[in-house]
Every structure is written in structure tokens, then in C-alpha cells.
Amino acid sequence: MSTEAFQPARILNQGSTQEKAEGARLSNFIGAIALSDLISTTLGPKGMDKILQSPSNLLDSTITNDGATILGSIQISNAAAKILIEISKVQDDEIGDGTTSVVVLAGELLKEAEKLIHKRIHPQTIIKGFRLAKDIALKKLRSVSQDYSENQEELKKYLKKIAMTIFSTKILTPYKSLFADLAVDSILRLKGSTNLESIQILKKTGGLLKESYIEEGFVLDKKIGVGQPKRIENAKILVANTSMDYDKIKIFGSRVVVNSSSKLAEIEEEEKKKMLRKCQKIVDHGINVFINRQLIYNLPEQFFTDNGVMSIEHADFAGIERLSLVTGGEIVSTFDHPELVTLGTAKLIEEIMIGEDKLIRFSGCKEPSACTIILRGSSKQILDEAERSLHDGLAVLSQMVKNPKIVLGAGCTEIIMAQAIEEAAKETSGKIQIAMESFARALTRIPTIIANNAGYDAEQLVSELKTKHYKGNNTFGIDVMGGKVCDVQKIGVFESLLVKEGMLLKASEATEMILRVDTIMNSAPRRRGMN
Amino acid sequence: MLRYDSSGKPFIIIRDQDQKERLTGSEARKANILAAMTVANLMKTSIGPLGMDKILVDQDGEVTATNDGATILKNMQVENPIAKLLVELSQGQDDEIGDGTTSVVVFAGALLEESLSLLEKGIHPSKISEGYEKACDIAVQHLISICDKIEFDKEDCSSLIKAAKTSLGSKIVNQYTDKIAKISVEAVLAVADLERKDVRFDLIKLEGKTGGTLGQTELIDGIIIPKNFSHPQMPKQIKNAKIAILTCPFEPPKPKTGHKLDIDSVKKYKELLEIEQNYFKKMTDLVKKSGATVVLCQWGFDDEANHLLLQKELPAVRWVSGTDIELIAIATGARIVPRFSELTPKKLGKAGMVTEKSLGTTDEKMIVIEKCSNTKTVTILVKGGNKMVVEEGKRSIHDALCVTRNLIKDNRIVYGGGAVEISCSVALNKASKEIKGIEQYSIRAFSQALLSVPIALASNSGLNSLEAVSEIQLKQMKEEKPFFGIDCLSKGTSNMKEQNVFDTLRGKIQQFLLATQMAKMILKIDDIIRPTGQY
Chain C
1 MSTEAFQPAR
11 ILNQGSTQEK
21 AEGARLSNFI
31 GAIALSDLIS
41 TTLGPKGMDK
51 ILQSPSNLLD
61 STITNDGATI
71 LGSIQISNAA
81 AKILIEISKV
91 QDDEIGDGTT
101 SVVVLAGELL
111 KEAEKLIHKR
121 IHPQTIIKGF
131 RLAKDIALKK
141 LRSVSQDYSE
151 NQEELKKYLK
161 KIAMTIFSTK
171 ILTPYKSLFA
181 DLAVDSILRL
191 KGSTNLESIQ
201 ILKKTGGLLK
211 ESYIEEGFVL
221 DKKIGVGQPK
231 RIENAKILVA
241 NTSMDYDKIK
251 IFGSRVVVNS
261 SSKLAEIEEE
271 EKKKMLRKCQ
281 KIVDHGINVF
291 INRQLIYNLP
301 EQFFTDNGVM
311 SIEHADFAGI
321 ERLSLVTGGE
331 IVSTFDHPEL
341 VTLGTAKLIE
351 EIMIGEDKLI
361 RFSGCKEPSA
371 CTIILRGSSK
381 QILDEAERSL
391 HDGLAVLSQM
401 VKNPKIVLGA
411 GCTEIIMAQA
421 IEEAAKETSG
431 KIQIAMESFA
441 RALTRIPTII
451 ANNAGYDAEQ
461 LVSELKTKHY
471 KGNNTFGIDV
481 MGGKVCDVQK
491 IGVFESLLVK
501 EGMLLKASEA
511 TEMILRVDTI
521 MNSAPRRRGM
531 N
Chain E
1 MLRYDSSGKP
11 FIIIRDQDQK
21 ERLTGSEARK
31 ANILAAMTVA
41 NLMKTSIGPL
51 GMDKILVDQD
61 GEVTATNDGA
71 TILKNMQVEN
81 PIAKLLVELS
91 QGQDDEIGDG
101 TTSVVVFAGA
111 LLEESLSLLE
121 KGIHPSKISE
131 GYEKACDIAV
141 QHLISICDKI
151 EFDKEDCSSL
161 IKAAKTSLGS
171 KIVNQYTDKI
181 AKISVEAVLA
191 VADLERKDVR
201 FDLIKLEGKT
211 GGTLGQTELI
221 DGIIIPKNFS
231 HPQMPKQIKN
241 AKIAILTCPF
251 EPPKPKTGHK
261 LDIDSVKKYK
271 ELLEIEQNYF
281 KKMTDLVKKS
291 GATVVLCQWG
301 FDDEANHLLL
311 QKELPAVRWV
321 SGTDIELIAI
331 ATGARIVPRF
341 SELTPKKLGK
351 AGMVTEKSLG
361 TTDEKMIVIE
371 KCSNTKTVTI
381 LVKGGNKMVV
391 EEGKRSIHDA
401 LCVTRNLIKD
411 NRIVYGGGAV
421 EISCSVALNK
431 ASKEIKGIEQ
441 YSIRAFSQAL
451 LSVPIALASN
461 SGLNSLEAVS
471 EIQLKQMKEE
481 KPFFGIDCLS
491 KGTSNMKEQN
501 VFDTLRGKIQ
511 QFLLATQMAK
521 MILKIDDIIR
531 PTGQY
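Respectively, the protein sequence lines represent chains C and E. 1 is the number of the first residue of the first sequence in the UniProt record's numbering; add one for each residue after it. 1 is the number of the first residue of the second sequence in the UniProt record's numbering; add one for each residue after it.
Derived by calculation from the structure, the hints in this document are not laboratory data. Do not rely on the hints blindly, as some may be mistaken.
To be verified - Straight-line distance between alpha carbons at most 25 Å, and here's what the computed SDA-like set of lysine to any residue pairs gives:
{"id": "1", "chain 1": "E", "residue 1": "Lys267", "chain 2": "C", "residue 2": "Ser262"}
{"id": "2", "chain 1": "E", "residue 1": "Lys357", "chain 2": "E", "residue 2": "Pro338"}
{"id": "3", "chain 1": "C", "residue 1": "Lys347", "chain 2": "E", "residue 2": "Gln233"}
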């Protein structure tokens, strides 16, 4: 718009830009679809990994297959793509797995929506159709899921299968059975709690992935003080958070001013005494192990050694919180009332060697749910990726225990949902029908991508699969290892209902959000050095 | 601008003239009107249940997706002074009413657009203003004459829910309107004082949380603070809690003056040590003595103090934000205590239950304070699949809360879907025939401008907008009923009474008044002076 006297009537700030209608939609679609295409190659058991290099330190690279990790570390300026990254993050926080599929599904939905918009269907109509389709899919999904909350024994079997399904898309594939055992074992120890805090994952380079194992109790990656016992039975543990380096008086503005070296020595002596008094108080708790979050200097360490107490310094915050949880002791910062303090206990504390490192193991703790998974691997990158994969598995399993509903994997559920939508679309008249069909198509794209990534003739396989389903074989899916259509129950690919539900809901919510937009306004980037 | 005084010397009125641009008279007016129309046109597509959203990317690349007029304009970073006025206009409507922030801008834009052709006819701007003023009066009178009253009480709030639904219909939450409208109305009714017709908004807290879907949004009877207990081993649930609210830190005292304590002898060192050792003990003893069972503090805790609190069985929360503290104080009847020594049993607040809850696989915790003794306070916990949805959900719920509040204050309603605008427009057309002089033209222009909202509504809904609007006009005139509007969702009836689409009378009147005021203000400007090179 322009006036007679001026150049175009610009109302925005210098540098700000505005994209409208088709332009805005185009930029949203391009951004979101590009992002989903980028990540879609990591989907499935034969998906590929990505190397992420940090811009600041080129040597610091991450190799991963985990959707949330990849999306979390790429720098994006496109608004729609940012929304997709966000849903992947939330999926990770909430459920732990399915972070890639949620983005891929959203991307496929947008691709379909783009086609519909080219056909001149109003975005709001598309949204309406998508919503309807989503509700149908969700209903179908819930109805085909199997609930194992009554049957704990069966559940255990399925937990392992679910864990194996998750790990089969990750670096852990060759040893998925081993890791599935590890994960199920440690989750069952939690007895229904979703607090993953008490499962500790310790990474030690050296050895092979398959040498990873689960350690009863708790392992702390710290050293025992010099000259102290390396093995204590029936340990009474005091977990503390107090300064044991120099314990200054904390009243602000106080300082020491002296006029002679003898006085300095006196005060120094007094300070030493103060520290020793504190140590004495600690020992008076009747303990034989003392663990502190902060440093322990030589003087108090010496004192503990003399009193036969094992002292461990600088156990970081997560460390002591976990320790207090595991041993049942409280975190202590003052030592005047030994009678009020609950001490932690452990049957045995000893120093062990893993590879070349010395670690401290606490076994026979009060909280039997605690365990440590020790990961071995030949490089830092492998270990990091293994940890991420394991975390995904643990997160899903812990949610599974709460909500033990299982659906079939291997693309089977997607086809079931797609067919339910297609069925319902037949009875819906109007343009909504077209949108619903598109939704169904987007869902079928997921098995197609998985098969594609595995190098098979995806379209062929998926169409075979569809025919099977049409004929009523509702348990069929794609066996990615064998490259053929088969009964999923036989190959044992199961997934958690929560993952699929989260994927469906979040992807459709994000799609709706992006479709609703008809204008994008970009503010001028903040200028550097303004402040 | 150059003038000469009596002796012929040049006399400069505006400094640095060569660096300034100047527009006067009709040119200035046109420039202003065009700027306003640009903003109005931008907002048009957001009107109605099928209106579209906008994505706003701020200076730091953060993304906001919204349908709320006030939010769009606020974050747009406009530079043009006239556009800024419109931002203010929408803000004004938001502050006063909370809803209808888009329509008010569109209407103001339309008023100015209509005035453009009047100006071309040679009508003086102040004449136009006068006519608008009169037209606005007539429109408001007409609004009052056609309004309906809705009845509701604490038990039967279905009519309120319907109104909230109209407000939510245009937002992303419209998938779950039933549920969210119900939550909003319940929240308002929980804190409303129906006798005095007053609603204290500060007693409703909106808290967002990513995870789940918008459909899982819930109403919690109590207050949620996104914090956790300061020590992991404190009890996670306290029944019949007595709450002490402190604004002093559990930390060693900091002399506020620049004094220094000098230690020059062992004796002094020992003395100071003793004082320090007793300091925290005294603090926690004072708290314990007052009978408190939960401590909420605005500041941080020292490690030692933290442990003492644990030992004394005083679950505590640190770094509670100022607004939360005030809310809790109101809700529980606690006094905010600035010094430990002033803590007395009387100053404690009471709550039936204080619990720490965790959500999702990440270790995020929240503290829920329920069954507060003093006033009812409620929290609406908005959930959604991503941050942007949650934020937009919060904004939408805020609008619905405002609508409900306005209805409690004044239960008169008018019908939505463009029905009132069309009805007013018809009434103005009729009235204009009995008015002499030039004002007639401006009244007709006003009546034309009123149609801008229904037209936008119809065109956003994919209807042939002019045709749809004129059809309704005809229908209203024929049947003399003011409740025919645009059938945006193709429900098969244009009777808004049946569709249950209505707005508050207050909101509509405010829209008319504010938009008219703004149009008059912009019409009055006849001179723009600004440095060259800008926009």
C-alpha cells in the first residue's frame, strides 16, 4: 500500500519483515517439511545416525540417532520448524521415546495439508478433518491396545520385548537382548515409581558395549581418602553438605585484622580447633563413613583417618541426593544434635575396579530399588549414544509400569489407524472427507519411511501390508530385518501405547497450530552490542 | 518553515528544517488513514471462529503463535505513530474488557476508511468527527435497546458457559471449548462475589505446563507454585498446614551499612563464632515457636539453615516469587513477615493440604496448596503439546475469564456473529434520514463501517461476504429481530439466539466508544513533522 506523498506506508520497525497468506504458509511448510525430511532418515531399525558438531568446538562432536538430541542441537530460524522441535522436546520430557516419529508424522501431515491447500481447500476445513481423523485414530488405537495391568507375569515378558523394540533402532541393536534385560531389571526394582533418579548410569570408556552390566546397589565415581579403610561392613553413613575446606565465619563484613604474626598464629590455631571440633561432632554421630558434597581438606581428612572413619569428598549434588535416597540417610549440614539425625546404612562399602578406574560400591543398601548400570564402550561418543538410548528405554518402561498398555509395532498400528480413518471418511461428506483421507495417508507414510530407510521397495511392501489388513489380518506389519510382510506378534515387535498416543496427539496439535497461521511477522534481530 | 519578522529578518520556527519532512492538510490525513488501514487489514483475517493465527518471531527468535489481537499488536514492534495508536487502542480494550481486541481495531480502521471518501467530498474533518460522535451515540442507544439479559446463579451457569464458548470459539482451544469454557466459568464463579458483582482476578492463577494436550487442562482448587521443597528429604505432604510467609533470607545477616567487623584477637574470634552458631538456631527456633508447619520464603537458604529446618520438621520452600507470595498470603490469611522476630502464631496462614507433586519423566516438581482457609483461590493448570500452544491457551482462557467476569458485573448481552453490528447499521441508516445537514453523510459512513466486522467474519468463513451480509441485513429488517448473524460454522441457521453466540453488552459498547474516539483523534491530525529517512 502506498500513499501519494510517501513511499510505501510501512508501519513496522526497520528490519522487521512480514510474510502474508500464501507466502507465510509456504515458508511454514518448507521449514517444517525440511526439518522432518532431515530427521526422517533416522527412523526405524535401519535408520542412519547423524553427526552433530558444536559450532564452538569442532572436536566436540556427538553421533546420535535420537530425535530430540538432534533437533535440540540444530540452530533453526524458521518459526514452524521451531514448533516441531518443541514438540519433540516435550515428547522426550514426557515419554522419552518417539521423538523422531512425532516430528516425522507432523511433517507428513503438513505435506498432505500443502497438497490440499493447492486444491483450494481452506486451512480451517483441513483442521476440522484432521481433528476428526485424529479422534478416530485415537479411539482405534486405544481399542486395539492390550492392557496387562492385571497380569504382571505377562507384562514382564512384554516389557522386554518393548525394550528390545526401542533399542533395535539405536546403537545398542547388536546387544539389544542384553540391554533390554538390563533395563527391565532395573525398572522392576523401582516397583512402580517413575523416579529414574535411583537408576544410575555410569559410563566408563574401555571394553565393549556388550560388557555392560548391572551393579547391585550404588556405585560412586569417587575416591576414598588416603590411608582409610577400603572396605567397611555394616556401614553407618553420614551424608553431608558442609564446608570442610576452611570454615569461615559467614557473618558478612567480618575480617581478620592483626598486628603481629603471633596473633595471626593464635587465630589460625583457633580456626583449626574450630574445624577439629566440627570433625569431632561428626565422628560423635557414631559413624564409620562420612560423605561430603564439598571438598574435604587434609586436616579434617587426617582426623577422620585417625578415627577410623572413611571419608569421601566432593560427591556432587546429584551424587549425594541419590546417596541419601539410596542409603536412607538425610543430608546434614549442622552437627549439634546427633540424636535427631537419620544415618544411612549399607551392608558393605568397598572399592572396586572397573577398567582402570577405582570406584566405590555401596551394596546392601536400605533402598533395594537402587542399582547402577555400568556402560562400557570403546569411545566417548558410543557411550554417550548408548546412554541416550538406554535413557529412552528406561523412560518408556517406567511409564509402562504405570500404564501397562501395549500395541503392535512394525507399522501395524499405523495401518490399523489409517484404515479406521478411511473407513470413517467414507461416511463423512464434504471436503472434510478429503482431509481425513490425507490424514490416513500421512499415517501410512511412517511404515513407508521405515521400510525405505531399510533399503526395501517400500511402496510395494506397504501396499502388500495394506492388502493383508484389508483381508482382516490385523496383526501384520513389516519385518524390517527380513524385508517382508509378516505377523508382528511372531517377530515380537511391541510398543507402548503411550508413545503412539503422544506421537499422534502432539503431531496433530502442532500441525493444527501451523495450519492456522496466515501471517508471520519477524522482528528485527536484536542488534549486538546495543546494551 | 520560514517566516520574516517586521524588519525582514528570517525567523526559524522549526530547527534543522532540511532534515525534517512535513505533511499537512489532507495529505497528512491520508497518510495517517492509510497507516491505520494497513494495521486493520492485517488483523481482519483473525476475526471469527474460522479466523487465522499469526506467528510472531521476536528479537531473540522466540516464536509466538496467536490469534489474540492485543498480543499480535503488542509484539509487532510498530514504528509508525498512527499504528502505535491502534496498538494502544487494542490494549485499552484488553485492559478494560479483555475480549474483542481484534474487532475494535478492525472497526476503527473501517471508520477511517469510510472517512476517506467523505474527505474527498470536501467535508471538513471536524464535521465528520461530529457526525461519528452522534452516530456512536445512536448506536450505543440502539445496543441498549436490543440487549438481552441472561440469568445465572452459582448452580446454573450454563448461560455463562455459552458466552465463554463464544469467546473461545476463535482460538486454537476451540477443539475443547466445552471443557475449557466450563473450567473458566467455574474458576470465576469460585472467586466471584455475586452480591457485590465483583470478581477479583488476582485470585485466579494461570499456570502453564507442557506435556499432555490442551484437553487435559484442569482446574485446581488451590494454588500451584512451580517450586520444590528446599531439602529432598522434607515430607512431601502436610495436612492442616500452618504457613509462615517470610521475606527475610535464612542467611547470615548482611550489615546494610558499610561497616566492617575487625577481628584482632582470639577472644573476639570465639565470640563471633558463637554468635554465628546461634544465629540459625535462633531463626529456626523462632519459626518453630510460632507453630508454623510450612515455611515459604522469598529468599534463599544457607545450607546449615536448610538442614536445621529439616531437623525441626519444617518443610520449606525457597525463592518463591513475589506475586505468588502475595497470592498465598491472601488465600491463606497469612501475613507477610519481614523479620523473624515479628513472627507470631496470629500471622500464620492456614491451608488444608500442601503437597509436592512431580510430573513426567523429567524431574519437575510443583507445590500445590489446597483448601486455603481465607479466600477461595483457584489455579487453572493449562497443558499442551508445546510451549506455544500452552501460551496461546493461557491467553485464550484469560479472554474467557474476562467475558465471564463482565457478565457477572453486568448480565446484559448482545448477539454475536455480526448480528449487533448489522442491527446497529440498519438502525443508523434509518436514523440518518431524519437528520439534517452534512452529519447525515457521516452517520451513513459510520453505519457502513459497522459492517466491516460482519464482512470480515463472513469472508474468513469462506462465504461470499457481501452477499451474506446483505442477506442478513434484509432478514433483520423484514423480521425486525436483532439476532440474525453470520452463520460462520454452517450450522444451518443464522439465528444467533439458537446458536448461542453472544457477546457482552459492555464489551460492545466499549468497542464502539474506543474505536470512535480513535477515529476522531486521527482525523484531527493535520500536520506531521518528522525527521527524514524514517519509515
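Practice task
Please work out if C:Lys347 and E:Gln233 have their alpha carbons no farther apart than 25 Å.
Solution key: At roughly 22 Å apart (the allowed maximum being 25 Å), E:Gln233 and C:Lys347 satisfy the hint.
Practice task
Assess, step by step, whether the Cα of E:Lys267 is no farther than 25 Å from the Cα of C:Ser262, and give holds or violated.
Solution key: Within the cut-off at roughly 14 Å; holds.
Exercise for the section: For the pair we were handed, E:Lys357 and E:Pro338, check the Cα-Cα distance against 25 Å. Expected result: Not satisfied, since the Cα-Cα distance of roughly 28 Å exceeds 25 Å.
The earlier numbered hint that this structure contradicts is number 2, and it is the only one.
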